[in-house]
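Heads up: the sequence shown begins at 1 in our numbering, then just goes up one per residue.
Calculated directly from the structure, the hints in this document are not laboratory data. Just so it is clear, the structure is predicted and the values come from calculations on it, not from any experiment. Beta carbons are placed, not taken as given, at the ideal position from N, Cα and C, and that holds for glycine. Be aware that a few hints might be false.
As the list claims (entries may be wrong) - Below are the DMTMM-like pairs computed for lysine to aspartate or glutamate, each with C-alpha atoms no more than 20 Å apart in a straight line:
no. : residue 1 : residue 2
1   : K176      : E258
2   : K176      : D139
3   : K190      : E175
4   : K333      : D291
5   : K68       : E138
6   : K344      : D374
To be verified - Taking CB as the label site, the calculated pair distances span:
no. : residue 1 : residue 2 : range
7   : E294      : E138      : 41 to 49 Å
8   : T79       : P235      : 43 to 51 Å
9   : P409      : D210      : 16 to 24 Å
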Amino acid sequence: MMGGFSMGSAFYSKSGLMIMAALLLMAGSFYFGTLLGNNAPIYVSQLTSNSSSSSSLSVPGSSTFTNKVALAFRETPLTIPESGVNVCPLKFNEYIPCHDIAYVHTLLRSLNVSRREELERHCPPPEKRLFCLVPPPEDYRLPIKWPISRDYVWRSNVNHTHLAEVKGGQNWVHEKDQLWWFPGGGTHFKHGAPEYIQRLGNMTTNETGDLRSAGVFQVLDVGCGVASFSAYLLPLDIHTMSFAPKDGHENQIQFALERGIGAMISAIATKQLPYPPNSFEMVHCSRCRVDWHENDGILLKEVNRILRYNGYFIYSAPPAYRKDKDFPLIWDKLVSLTSAMCWKLIARKVQTAVWIKQEDDACLQQNAEAKLIDICDSVDNLKSSWNTPLRSCVTTHASTDSQQLPPRPQRLSVYSQSLSRIDISIEEFTEDSQFLATSSS
Numbered sequence: 001m002m003g004g005f006s007m008g009s010a011f012y013s014k015s016g017l018m019i020m021a022a023l024l025l026m027a028g029s030f031y032f033g034t035l036l037g038n039n040a041p042i043y044v045s046q047l048t049s050n051s052s053s054s055s056s057l058s059v060p061g062s063s064t065f066t067n068k069v070a071l072a073f074r075e076t077p078l079t080i081p082e083s084g085v086n087v088c089p090l091k092f093n094e095y096i097p098c099h100d101i102a103y104v105h106t107l108l109r110s111l112n113v114s115r116r117e118e119l120e121r122h123c124p125p126p127e128k129r130l131f132c133l134v135p136p137p138e139d140y141r142l143p144i145k146w147p148i149s150r151d152y153v154w155r156s157n158v159n160h161t162h163l164a165e166v167k168g169g170q171n172w173v174h175e176k177d178q179l180w181w182f183p184g185g186g187t188h189f190k191h192g193a194p195e196y197i198q199r200l201g202n203m204t205t206n207e208t209g210d211l212r213s214a215g216v217f218q219v220l221d222v223g224c225g226v227a228s229f230s231a232y233l234l235p236l237d238i239h240t241m242s243f244a245p246k247d248g249h250e251n252q253i254q255f256a257l258e259r260g261i262g263a264m265i266s267a268i269a270t271k272q273l274p275y276p277p278n279s280f281e282m283v284h285c286s287r288c289r290v291d292w293h294e295n296d297g298i299l300l301k302e303v304n305r306i307l308r309y310n311g312y313f314i315y316s317a318p319p320a321y322r323k324d325k326d327f328p329l330i331w332d333k334l335v336s337l338t339s340a341m342c343w344k345l346i347a348r349k350v351q352t353a354v355w356i357k358q359e360d361d362a363c364l365q366q367n368a369e370a371k372l373i374d375i376c377d378s379v380d381n382l383k384s385s386w387n388t389p390l391r392s393c394v395t396t397h398a399s400t401d402s403q404q405l406p407p408r409p410q411r412l413s414v415y416s417q418s419l420s421r422i423d424i425s426i427e428e429f430t431e432d433s434q435f436l437a438t439s440s441s
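Take these sequences, add in the hints, and give me the full structure.
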C-alpha cells in the first residue's frame, strides 16, 4: 500500500507539473501574442497597378467602403467628397506636408543652405497641399507594444535598410528576420546606452549618483538617431524629447516613433525650437552634426535659452577628445563661447564634455561690458518661440521666469509662472488639473 501510495503521489506530482507547464506555456503565448500584435498586414491593397487611378477599397471580412485611391489637392472652399476623403497613392506613404523634399528643392535658391535652413519646416501654399489620407506601407502590421518595442519593431513597418548598413557597426539597428533589432547602441555608446547614461550620471554628480539625482527630469536630445538614448532614460523616470532632421539617414525619426519613443522631425538651424525658455534640465548632443561653434555661437545661445539654470549641456563629439585636423580649434571656440555665456565646464573625459549653466548675472553683465556677449531685451522673453528667428544674445536670470519646479510627476500639478504669459491663471490651471484627474480615474 505504501508503495502504491508513493507511485500514485509521483503520478499526480508529474501530472500537476505537466498541467502547470502547459498553463504557463499558454499564458506566455497569450502575453507575447498580445505584445507583438497581429502578424497579418493591415494595409488595404490598391486594386489597380496605376498609383494615380481611382478604385474602391475593401477589407476582407468587413463591409466595403467607397474611399478612392486618388491623388487630391486642397481646394477653396474646402469640400469633402460624398465617398469620403480619398486615400493617397501608396508611393506617398511617407509624405510629410512641411518636410516634402521635392517641394523643398524648389526653394533651395531662396534658402540659407550654409545654415541648413532646408532642413527646417517649409509648408507649401494651400493649393499645393495634398488632401488625401496618407496610407501605411503595403505590408504594415500592428505595431509591437512597449516594452518589447524598445528592442524590436516589424521590419516592414519601417522598410529602410540604409541606416542599418551604415550604422550597424555602432549598434544603432540590425536586421533580424522579419524584425528590426535595436541593441541600444549609438555613435558614442556602441556598447550600449545604459553604460553611457551611468557615465553621464557620474560626470554630473562627481561620481556620487545618476542623472536623476543630478536634478535631470526633462531632456532634449539633438540629432537623436533611432532614440535609444531616450529609451534607456525611461527607467530613471527621465522624459526626453528627441529630434532629428529628415536627411541622408532617411527618416530616422520613423524608427523612434515605431518603437514608441517621443520624437519629432526638426532641425536647429535658423529658427528657435518650439519650446519656451527654461524647458529642459539637460540638452544632449552625441555626434549630432551641429556646428555649435559657427555664426558667433548662435545655436549655443538657443540651447542657453531653453536650458534651465543649473542644467547641463552634454557634448559627445570629436572636438571634445581628438587632437588632429581642426578639432582643437573648434574646441577652443566652444570654450570661448561657453565662457562668454558663463557656463562652467565641469567634466571632460571618455569622448564627452559636460557644461553647467550657472546662475551668474554678474558674470553676464561683466562679459557684456567687455563686448563678449549681448544681453537680450527682456521684452523678447515674452514672445512666442514658434517660427521665430534665432537671437544672438542671452537672457539674464533676473529677466526670466526661472521658477524652481519639483521633480516629476509632482511638477505636473504645479502651476508654472510662464503660463501667465499666455493668459492662463492659476485658477484655470487648478480647475483643468482637477477635471483631468477626475476624467482619468
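Here's how the hints hold up against the structure:
1. Restraint check for K176 and E258: satisfied, since their Cα atoms lie roughly 16 Å apart, inside the 20 Å limit.
2. For the hint pairing K176 with D139, the CA-to-CA distance comes to about 17 Å; that is within 20 Å, so the pair holds.
3. Between K190 and E175 the alpha-carbon distance is near 16 Å, which keeps this suggested pair within the 20 Å criterion.
4. About 11 Å separates the Cα atoms of K333 and D291, which keeps this hinted pair within 20 Å; it holds.
5. As the CA atoms of K68 and E138 are separated by approximately 16 Å, the hinted pair is consistent with the 20 Å bound.
6. With a CA separation close to 18 Å, the supplied pair K344 and D374 stays within the 20 Å bound.
7. For the pair E294 and E138, the beta carbons lie near 42 Å from each other, so the given range of 41 to 49 Å is met.
8. For T79 paired with P235, a C-beta distance near 50 Å keeps the hint of 43 to 51 Å intact.
9. Range check, P409 to D210: about 18 Å between beta-carbon atoms, so the 16 to 24 Å window is met.
Consistency note: the structure conflicts with none of the earlier hints.
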